[in-house]
Amino acid sequence: MLEEEEQLKLTPRMELIKYKFLMTLDDEIVENKKEIKEKILKIAVEDKMTPYYQSVCEKFGWEVDEETLNTLKKSNTEELKKLDELIKNSEENDGESEIRKAYLNKSTFYCRIGEKEKALELFNETFNKTVSIGQKVDLLMTKIRMGFFFDDISIVETNLSSAKLILKKSSDWERKNRIKVYEGYHCLKLRQFKKAANFFLDSIATFTANELFDYTKFVYYSVLSSIVSFPRTDLKKKVIDAPEILTAIEEVPHLSELLNSLYNCQYKDFYRHLIAIYDGMEFDKILSEHRLFFCKQMRIIAYSQFLEAYRSVTLKSMAETFGVSITFLDKELSRFISAGKIHAKIDKVGGVVETTRADSRNEGYKEIIKIGDPMLNRIQKLARILN
Amino acid sequence: MEHTRLSSKDLITIQDLKEHLLLLQKSVDEDEGRYLVRVLRKLSITRRRITPQILAKLIEESLKEESKTKSLLVTIFPSTLIKEDEKEGEEKEMQIEIEKEKEEEEEEEEKGQQQRNIIIQAKYPEEKAYLQLLSLLELFKLKDYENALKLCEFSIDFIEKKNRRTLDSFFSKVFFYYSRINEILGHSKLIRKKLLSAYRTSTLRRDVSTQAVLINCLLRNYLQFNLYDQGDKLISKSQFPPNSLNSQHVRYLYYLGRIKAIQLDYTESFRCLREAKRKAPRAGARGFRLSVNKFLCIVQLLTGEIPEIELFMEKDLQKYLQPYFELTSAVRTGNLGDFKKVVLREAKVFKADQTYSLILRLRQNVIKTGLKKLNSAYSRISFEDISKKLQLDSSDSVESICSKAIFDGVIDAIINHEEKYIKFKEMGDLYSTLIPQKAFGQRIKFCLNIHNTAVKNMRFPEELLKEQEEIDTEEGKEQLKELEKMSTNNEEGKGDFDQGEPGNL
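For the record, the sequence lines run as chains G and S. Residue numbers for the first sequence follow the numbering used here, so the first one is 92 and each next one is one higher. Residue numbers for the second sequence follow the numbering used here, so the first one is -2 and each next one is one higher.
I should point out that these hints are in silico values taken from the structure, not numbers from a laboratory. Note that the Cβ used here is the ideal one computed from N, Cα and C, for glycine as well. Take the hints with a grain of salt, since some may be wrong.
[To be verified] Heads up, simulated BS3-like pairs for lysine-lysine below, C-alpha to C-alpha not over 30 Å straight-line:
#: 1; chain 1: G; residue 1: 407; chain 2: S; residue 2: 61
#: 2; chain 1: S; residue 1: 401; chain 2: G; residue 2: 280
#: 3; chain 1: S; residue 1: 316; chain 2: G; residue 2: 472
#: 4; chain 1: S; residue 1: 15; chain 2: G; residue 2: 285
#: 5; chain 1: G; residue 1: 457; chain 2: S; residue 2: 435
#: 6; chain 1: G; residue 1: 387; chain 2: S; residue 2: 338
#: 7; chain 1: S; residue 1: 442; chain 2: G; residue 2: 461
#: 8; chain 1: S; residue 1: 420; chain 2: G; residue 2: 422
#: 9; chain 1: G; residue 1: 432; chain 2: S; residue 2: 435
#: 10; chain 1: G; residue 1: 461; chain 2: S; residue 2: 435
#: 11; chain 1: S; residue 1: 15; chain 2: S; residue 2: 61
#: 12; chain 1: S; residue 1: 276; chain 2: G; residue 2: 472
#: 13; chain 1: G; residue 1: 387; chain 2: S; residue 2: 453
#: 14; chain 1: S; residue 1: 337; chain 2: G; residue 2: 472
#: 15; chain 1: G; residue 1: 461; chain 2: S; residue 2: 61
#: 16; chain 1: S; residue 1: 422; chain 2: G; residue 2: 461
#: 17; chain 1: S; residue 1: 312; chain 2: G; residue 2: 407
#: 18; chain 1: S; residue 1: 385; chain 2: G; residue 2: 407
#: 19; chain 1: S; residue 1: 274; chain 2: G; residue 2: 387
#: 20; chain 1: G; residue 1: 457; chain 2: S; residue 2: 369
#: 21; chain 1: S; residue 1: 15; chain 2: G; residue 2: 461
#: 22; chain 1: G; residue 1: 457; chain 2: S; residue 2: 417
#: 23; chain 1: S; residue 1: 453; chain 2: G; residue 2: 472
#: 24; chain 1: S; residue 1: 337; chain 2: G; residue 2: 422
#: 25; chain 1: G; residue 1: 422; chain 2: S; residue 2: 276
#: 26; chain 1: G; residue 1: 461; chain 2: S; residue 2: 312
#: 27; chain 1: S; residue 1: 276; chain 2: G; residue 2: 432
#: 28; chain 1: S; residue 1: 422; chain 2: G; residue 2: 457
#: 29; chain 1: S; residue 1: 386; chain 2: G; residue 2: 150
#: 30; chain 1: G; residue 1: 461; chain 2: S; residue 2: 369
#: 31; chain 1: G; residue 1: 457; chain 2: S; residue 2: 401
#: 32; chain 1: G; residue 1: 407; chain 2: S; residue 2: 276
#: 33; chain 1: S; residue 1: 138; chain 2: G; residue 2: 422
#: 34; chain 1: G; residue 1: 387; chain 2: S; residue 2: 61
#: 35; chain 1: G; residue 1: 422; chain 2: S; residue 2: 442
[Unchecked claim] Over 12 Å on every C-beta distance to chain S, these chain G residues come out as not near it, computed from the model:
#: 36; residue: 97
#: 37; residue: 149
#: 38; residue: 167
#: 39; residue: 363
#: 40; residue: 425
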């Protein structure tokens, strides 16, 4: 059983996601594209991934090598035949668990070669034949991984919710934590940094989801999602001082420096490391879409943190602290202030920034108007039947 | 129109229509407007089910030979539309019925109805008007505008002579289609006089629904030819009846909003358009919602505010609102260069939507919005910096632009001429002004209004009790069924917005 679990965990091949993404980037940024292409092809041939090979050649405009394709197809049909025979045999002769195992083998095969629809179908069938909760959840997690692999959010979402439902009644903490990691990854994709941070930090003590990404990457995601969503106290307690994070954080360049420079208000260093991290984010599939947003949020956090200490501060000294020019700082601040993210006002004539404290009563009033009006619209709709 | 046999579904529709005629008769006999309202509410569903063949049969069976209505309608929907081998057809249909009974149990109720076979002769003008209206709708659906126009004119004469208040709702609908068909055929100019005189008559007779429809038709007519002054005069001289149907009220608000926008009264226009949008149906009426959203966007930009992004995010309208979204982004950033580019690129779309002239007025607004943004970010800023940020050419014109903006009330500021800077006033504590009180008061008033209207519209349950006694008679049973249907299906009739999707109440 344990071996089976391990086998299941290995499909589909998650490294391929990374390689495929790197291939889609500009040629100037990624230098060793040729090597990556070879790696992809090697894995495709090794695992006999016919449909994946075809789709990836189509996408990147590579020439389909007829010979390799034929060998792949042949080996696929052979394996399929064997598996079908196995199923037939077990259905006639053996008991429940053998039948289940045979179906599982076939579904793993489809998953491995990259045949999405058939794999999902067969997984559903195997699911119906599975009894134990743990194995059921394992199947669901494989389906979620397939969702990540094929960029299909609906698969991920449906299977996440079913897995959570099943796990509610069980006390299998290992799987519960693994599902949390999956959920956190999914939230990262949807830019829900706060939720993702919570999920990651909850499961950091018992990280076992090595099939998704390794521990270093996990720490990378956790730190980045928490630095942009947690207030200072939580950040210190849960991230900066957390032993699990401290073990691996050094392996990611600039990450611990970013964290510490923000916490210690060393803004010049902070900016330097932020730029480095921003560049690094481009190579990660999930984070690359959000890197502009991330950068913007970090800047807002830094400026607000700086301005919290002052009633008024000259633009010159602020610019010096951050290591930027006054024009740049002025542009940034005016943009964020008019968007309402920073509570301050610039006095350009005097070259000073004055902070304004938010008035909760006025804020509350504005909130009421903003939220109340759509509700009144809905009541108006109800009132239409009265005519 | 083809000659085909009537299917069993059609026969059911015919029975339903005959029941409607019965209800209309009842409405007149008992002097209860409810039944008429009920029939008209179902109109949007009924009109989808009718076909020329159904109408032909109905006309044949329900109208007396001598009536003028029949003679006109028979020329349009001759009974020859129905194939002659009716006897055979009927037998076959009986067989199909028996099979259906075995297969689908839902059909049982309808089968029972069918076998009842109502025989009815139209004796009141209401019923004739109803048949005329159904024929008109069918012709309109088939795009047979010539015949539809003839029928319209006949119907208008017919109803006008009778001068019965129960015919008001039919009258208004006929006028609506009259105006629309003339618009499609391009004869709008010619009918203006007729519409105006009809409006005078309907006001004298206190015919609320026709008044509303006619005002809307006239306004639409004027707007089509850009006669905004005349439209304004009409609005000022007439009073839109407050107890009209919601759908007419919405149209009126829309036309009012558009006229006000042209006349530079942006706040009033915005208020009207926003109310029109609120009262319009959530799903369906897509063309209307699209147009309202477009004008809302432009008028809001003209008042100096930026529309919320939710305005552009409604799923079915998103594609068409894309040019307006780009326009809003350009105005939002106060970027004059972008603004000019977007206007040039999408000029065709804007002209087709009739928003082009309003958009040209937006150039000033781009500058004003830029100033507003500066207002929120800066407490003091020099003219030179302003001209740099807003991409204006000289810093001299900046001062005059700022002073104009202050005068218009766009920004709250003081110009320091000697030192060449502008100082923005603090926003201050809203709560120390009367603004929250007014805003809350408005909303509370609105909620109380709805509460009062709801209370007024309640009906005593005693009517149900009265009908409980009659339940022994078959008629009583029918009435009870009708009432149940009414209370569960009261979403189906929403006035005359064409797409009858039930709203999500």
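Verification of the hints:
no. : hint            : verdict
1   : G:407 <-> S:61  : 95 Å, violated
2   : S:401 <-> G:280 : 48 Å, violated
3   : S:316 <-> G:472 : 25 Å, holds
4   : S:15 <-> G:285  : 63 Å, violated
5   : G:457 <-> S:435 : 13 Å, holds
6   : G:387 <-> S:338 : 28 Å, holds
7   : S:442 <-> G:461 : 18 Å, holds
8   : S:420 <-> G:422 : 19 Å, holds
9   : G:432 <-> S:435 : 28 Å, holds
10  : G:461 <-> S:435 : 15 Å, holds
11  : S:15 <-> S:61   : 15 Å, holds
12  : S:276 <-> G:472 : 6 Å, holds
13  : G:387 <-> S:453 : 55 Å, violated
14  : S:337 <-> G:472 : 39 Å, violated
15  : G:461 <-> S:61  : 61 Å, violated
16  : S:422 <-> G:461 : 24 Å, holds
17  : S:312 <-> G:407 : 47 Å, violated
18  : S:385 <-> G:407 : 20 Å, holds
19  : S:274 <-> G:387 : 35 Å, violated
20  : G:457 <-> S:369 : 19 Å, holds
21  : S:15 <-> G:461  : 51 Å, violated
22  : G:457 <-> S:417 : 35 Å, violated
23  : S:453 <-> G:472 : 17 Å, holds
24  : S:337 <-> G:422 : 23 Å, holds
25  : G:422 <-> S:276 : 42 Å, violated
26  : G:461 <-> S:312 : 22 Å, holds
27  : S:276 <-> G:432 : 34 Å, violated
28  : S:422 <-> G:457 : 20 Å, holds
29  : S:386 <-> G:150 : 44 Å, violated
30  : G:461 <-> S:369 : 20 Å, holds
31  : G:457 <-> S:401 : 29 Å, holds
32  : G:407 <-> S:276 : 54 Å, violated
33  : S:138 <-> G:422 : 59 Å, violated
34  : G:387 <-> S:61  : 79 Å, violated
35  : G:422 <-> S:442 : 44 Å, violated
36  : 97              : 45 Å, holds
37  : 149             : 29 Å, holds
38  : 167             : 41 Å, holds
39  : 363             : 27 Å, holds
40  : 425             : 4 Å, violated
Comparing the model with each numbered hint stated earlier shows that hints 1, 2, 4, 13, 14, 15, 17, 19, 21, 22, 25, 27, 29, 32, 33, 34, 35 and 40 do not hold.
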